[in-house]
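Chains as they are written, first to last, in the working numbering: chain A, 1 to 338; chain B, 1 to 338.
For the record, the hints were derived by calculation from the structure and aren't laboratory data. Since this is a predicted model, take the numbers as computed values, not measurements. The reader is advised that the hints may include incorrect statements.
Pairs involving identical chains hold if they fit within one copy or between any two copies, as the list cannot separate such chains.
Unchecked claim - Mimicking SDA-like on lysine to any residue, the simulated pairs with C-alpha atoms at most 20 Å apart in a straight line are:
1) LYS235 / PRO150
2) LYS87 / LYS165
3) LYS310 / GLU68
4) LYS38 / LYS133
5) LYS43 / VAL257
6) LYS51 / ARG75
7) LYS254 / ILE266
8) LYS133 / GLU56
9) LYS290 / SER239
10) LYS79 / GLU121
11) LYS249 / ALA263
12) LYS187 / GLU68
13) LYS249 / GLY218
14) LYS79 / ARG213
15) LYS79 / LYS203
16) LYS253 / SER242
17) LYS290 / ARG90
18) LYS235 / ARG213
19) LYS290 / MET247
20) LYS111 / LYS187
21) LYS133 / ILE243
22) LYS47 / ILE207
There are 2 protein chains.
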Amino acid sequence: MYIALDAMGGDYAPQSNVEGAVLFAREFNIGVYLVGNKDLLEKELKKYDTKDLPVEIVHAEEVIDMDEPPSIAVRKKRKSSMHIAAKLVREGKASGFVSAGNTGAAMAISKFVVGAAEGIERPGIAVAFPTKKEKPTVLIDVGANVDCRPRHLIYFAVMGHTYAKEILRVSDNPKVGILSIGEEEGKGNDLVKDTYPLLKMTKLNFIGNAEGRDIFTGDFDVIVCDGFVGNIVLKTSESLGSIIVEMIKNEVKKSLVSKIGAALMIPALKRFKRKADFAEYGGAPLLGTKGTCIITHGRADSRAIKNALKAASDFEKTHFNDRLKENIDNLLPEELKG
Amino acid sequence: MYIALDAMGGDYAPQSNVEGAVLFAREFNIGVYLVGNKDLLEKELKKYDTKDLPVEIVHAEEVIDMDEPPSIAVRKKRKSSMHIAAKLVREGKASGFVSAGNTGAAMAISKFVVGAAEGIERPGIAVAFPTKKEKPTVLIDVGANVDCRPRHLIYFAVMGHTYAKEILRVSDNPKVGILSIGEEEGKGNDLVKDTYPLLKMTKLNFIGNAEGRDIFTGDFDVIVCDGFVGNIVLKTSESLGSIIVEMIKNEVKKSLVSKIGAALMIPALKRFKRKADFAEYGGAPLLGTKGTCIITHGRADSRAIKNALKAASDFEKTHFNDRLKENIDNLLPEELKG
C-alpha cells in the first residue's frame with residue numbers, strides 16, 4: 001500500500017512533511033510517495049536513515065499557494081504537488097492522498113481529479129472534535145458544501161456513521177444527531193425541519209437534534225450540518241480554544257506566583273493540549289471520494305503529518321468505501337437512494 | 001427610573017435576583033420592581049437593609065418554567081412574573097425588564113407584550129463576546145430569528161452598531177462584518193451573498209465577511225448572522241469554554257505538583273474567568289423592542305443580575321431607541337427602509 005503525500009503543502013513544508021513521512025513509514029512499514037520538488041525533497045530526505053524504507057519521491061514542478069482560488073488550482077496548475085498526488089490516487093498507484101496545503105484546493109482537486117465515490121453526489125469533510133468523554137464526536141460537513149439539501153445531510157449522516165464506526169471505532173452503532181437550536185423535533189431552520197423526518201426513516205441510530213453545546217459533551221457520535229454552519233463552528237472552536245490558552249497565559253504573566261504555578265502545571269497542560277488537539281485524530285477526511293483524501297491543518301507538524309498518513313492507511317485497511325457503500329445500501333430506505 | 005426584574009426566573013431565584021436588585025439599587029440609586037411571589041420576596045428582602053432603597057415588590061402568582069414552550073408562556077400564563085414585568089414596561093411604569101428565566105419565553109413575551117420598536121420588523125438578540133483585545137465583539141442575532149432574509153440582517157447590523165457604540169462604547173464608528181466562510185466577497189451561503197451588496201449600500205462601517213475565528217480576535221465590533229447560526233455559535237462557545245476549563249482541572253487533579261501549581265494560579269484564573277464571563281457584560285439584550293429587555297443566563301448570580309439591571313438602565317439613560325431610530329434614518333438608504 002502507498003499513500004501520496006503533498007510534500008509541498010503546509011506552513012512547515014517540506015521539512016515537517018518529509019519527517020512525518022519517514023516516521024510513518026518507519027513505524028507502520030507502509031509506502032509513501034513524497035510529491036514535490038525533487039531537489040528539495042532529496043535534500044530533506046538525506047537527513048534521515050531511509051534505507052529499506054518505502055519512501056519514494058515523485059517530482060512535481062508547481063506548488064499551490066495557500067490563497068490560490070480552488071478553480072485555478074484545479075484547472076491551471078496541473079503540475080502542482082497536490083494535483084499529481086491526487087492523480088496517483090486516480091491511477092490506483094496510491095490508495096489515498098494527504099495534504100496540509102490550501103484546503104479549498106485540496107477539496108476541489110479530490111472532487112474533480114479523484115472523483116466522488118459511487119452513489120455519492122456530494123463528498124463532505126468530517127472533523128473529529130474532542131469531547132468531555134474519552135471519545136470524539138464527528139461533525140460533518142465542515143465546509144465542502146455551502147448550501148445543502150436534506151438529501152445531502154442524509155448522506156453525510158451515513159458517511160459520518162461509517163467514519164465513527166470503522167475508523168474512529170467509537171461505537172458499533174454510532175448515535176447520530178442533526179445540529180439545530182432547541183432539542184425537540186420541529187425546532188430549527190427549514191433545512192433541519194425537512195431533514196429530521198428523513199433521518200427518522202433511515203436505519204441509522206438517529207437520536208434527534210443536537211445543540212451547539214452537544215458538540216463537546218460526547219453524547220452524540222455523529223452530528224450532521226450543512227458546510228456553512230459546520231465551517232463556522234469549526235473555525236469558532238479552533239479560535240476560541242487558542243484564545244483561551246492565550247488569555248490564561250497573559251493573566252499568568254502578571255504575577256510571579258502565577259508563573260511558578262503555571263510552570264508546575266506544564267505536564268498537565270501538555271496532556272490537555274494533546275487531548276484537545278484536533279491533529280491528534282489525523283486531520284479531516286473528505287468522505288465520499290473514490291480514494292481517501294485527508295486534509296490536515298496548514299500548521300501541521302511532523303506528528304500531525306504522520307497521523308494523517310496513518311488515517312489515510314486506515315481508510316484503505318478497513319475498506320472504508322466498501323463499508324460506506326454497504327451502509328448506504330443497508331441503512332437508507334429505497335426512496336432516499338440513488 | 002424603574003427597571004422591572006422577573007424575580008422568579010433563573011436557577012438561583014429568588015435569592016440571587018433579590019440580592020442583585022438590592023446591590024444595584026444601592027450602588028446606582030435606580031428603582032427596581034421585584035416581580036414575583038409577594039411572600040417569598042418579602043422574606044428574601046428582609047435579609048437586607050433596604051431602608052430608603054427604591055426596591056418595590058409587585059406580586060405575580062405564576063412562574064414560567066424553564067422548559068415551558070414560549071407560546072404557552074405568552075398566551076396561557078398571563079399572571080407569570082415575566083408577563084407582569086413586561087406589562088410594567090408596556091404601561092410605561094418601568095423602562096425595561098430583566099429576566100434570567102426561560103429565554104424563548106422572555107423573547108416571545110418581549111415581542112408580543114412589549115412589542116417591536118417603531119420601524120423594526122424583527123428584534124434580534126445581541127451577545128457581547130470577549131475577545132483578545134480589551135473590547136468585546138457583538139454577535140447579532142443569536143437566536144430570536146431562525147430563518148432570516150437579507151433585510152433582517154441589515155437591521156441587525158444597525159442595532160448592533162447602536163449597541164456597540166452607545167452601550168458598550170467600543171467605537172464611535174463600529175466595524176461591521178457578516179459571518180461567513182471565506183473572507184472575500186462572494187464567499188458564503190445564499191443569504192450572505194444577497195446581504196453583502198446591501199450592507200455595502202449603507203453608511204455603516206462595513207468591512208466585509210467575518211469568519212468563525214474573527215469572533216474572538218476583536219477585529220470586528222459587530223458581526224451579523226441569522227439566529228440559527230448565531231445560536232449555534234453562542235452555545236458552542238459557551239460549552240467549549242467550560243469544557244476546556246474542566247479538562248484542565250481534570251488533568252491537574254492527576255498530580256500533586258500540578259495541584260500546587262493550579263492553586264498558585266488561582267488569582268490569574270479568576271481574572272481570566274471574569275474576563276471571559278459573558279455575564280460580565282450584563283446579559284444579552286433583545287434589541288429592537290419598545291422597552292429594553294435583557295436576558296441573562298439561567299445560572300445568573302447576584303452580580304450577573306446586578307449587571308443586567310445596570311445594562312437595562314444604560315439603555316434608558318442613553319435613549320437607546322431614539323439613537324436606533326436616528327441610525328436607521330441616517331445609515332440606511334431609502335430603499336432599505338420601512
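**Request:** Go through the copies and call it for LYS51 and ARG75: within, between, both or neither, with a Cα cutoff of 20 Å.
**Result:** Answer is neither; intra-copy 38 Å and inter-copy 78 Å both fail.
**Prompt:** Taking 20 Å as the upper bound on the Cα-Cα distance, should LYS111 and LYS187 be classified as within, between, both, or neither?
**Reply:** between (33 Å within a copy, 19 Å between copies)
**Message:** If the cut is 20 Å between Cα atoms, do LYS47 and ILE207 qualify within a copy, between copies, both or neither?
**Reply:** neither (51 Å within a copy, 47 Å between copies)
**Message:** Regarding LYS310 and GLU68, is the shortest C-alpha distance of 20 Å or less found within a copy, between copies, in both, or in neither?
**Reply:** Neither, since 28 Å and 49 Å both go past 20 Å.
**Prompt:** Given identical chains, is LYS290 near ARG90, meaning Cα to Cα at most 20 Å, within a copy, between copies, both, or neither?
**Reply:** Classified as within; 8 Å inside a copy, 62 Å across copies.
**Request:** Pop the pair LYS79 and GLU121 into one bin, within, between, both or neither, using alpha-carbon distances up to 20 Å.
**Result:** Result: close neither inside a copy nor across copies, 27 Å intra and 54 Å inter.
**Prompt:** For LYS290 vs MET247, is the C-alpha pair at or below 20 Å within one copy, between two copies, both, or neither?
**Reply:** neither (43 Å within a copy, 38 Å between copies)
**Message:** Reference check for the pair LYS133 and ILE243, CA-CA at most 20 Å: within, between, both, or neither?
**Reply:** between (23 Å within a copy, 11 Å between copies)
**Request:** State whether the alpha carbon distance between LYS235 and ARG213 is at most 20 Å within one copy, between copies, both, or neither.
**Result:** Classified as both; 15 Å inside a copy, 5 Å across copies.
**Asked** Using 20 Å as the alpha-carbon threshold, which applies to LYS253 and SER242: within, between, both, or neither?
**Response** within (17 Å within a copy, 22 Å between copies)
**Request:** Go through the copies and call it for LYS133 and GLU56: within, between, both or neither, with a Cα cutoff of 20 Å.
**Result:** This pair counts as neither: shortest intra-copy Cα distance 40 Å, inter-copy 47 Å.
**Prompt:** Which holds for LYS87 with LYS165 at a C-alpha limit of 20 Å: within a copy, between copies, both or neither?
**Reply:** neither (29 Å within a copy, 54 Å between copies)
Violation of the numbered hints given earlier is confined to hints 1, 2, 3, 4, 5, 6, 8, 9, 10, 14, 15, 19, 22; the remaining hints are satisfied by the structure.
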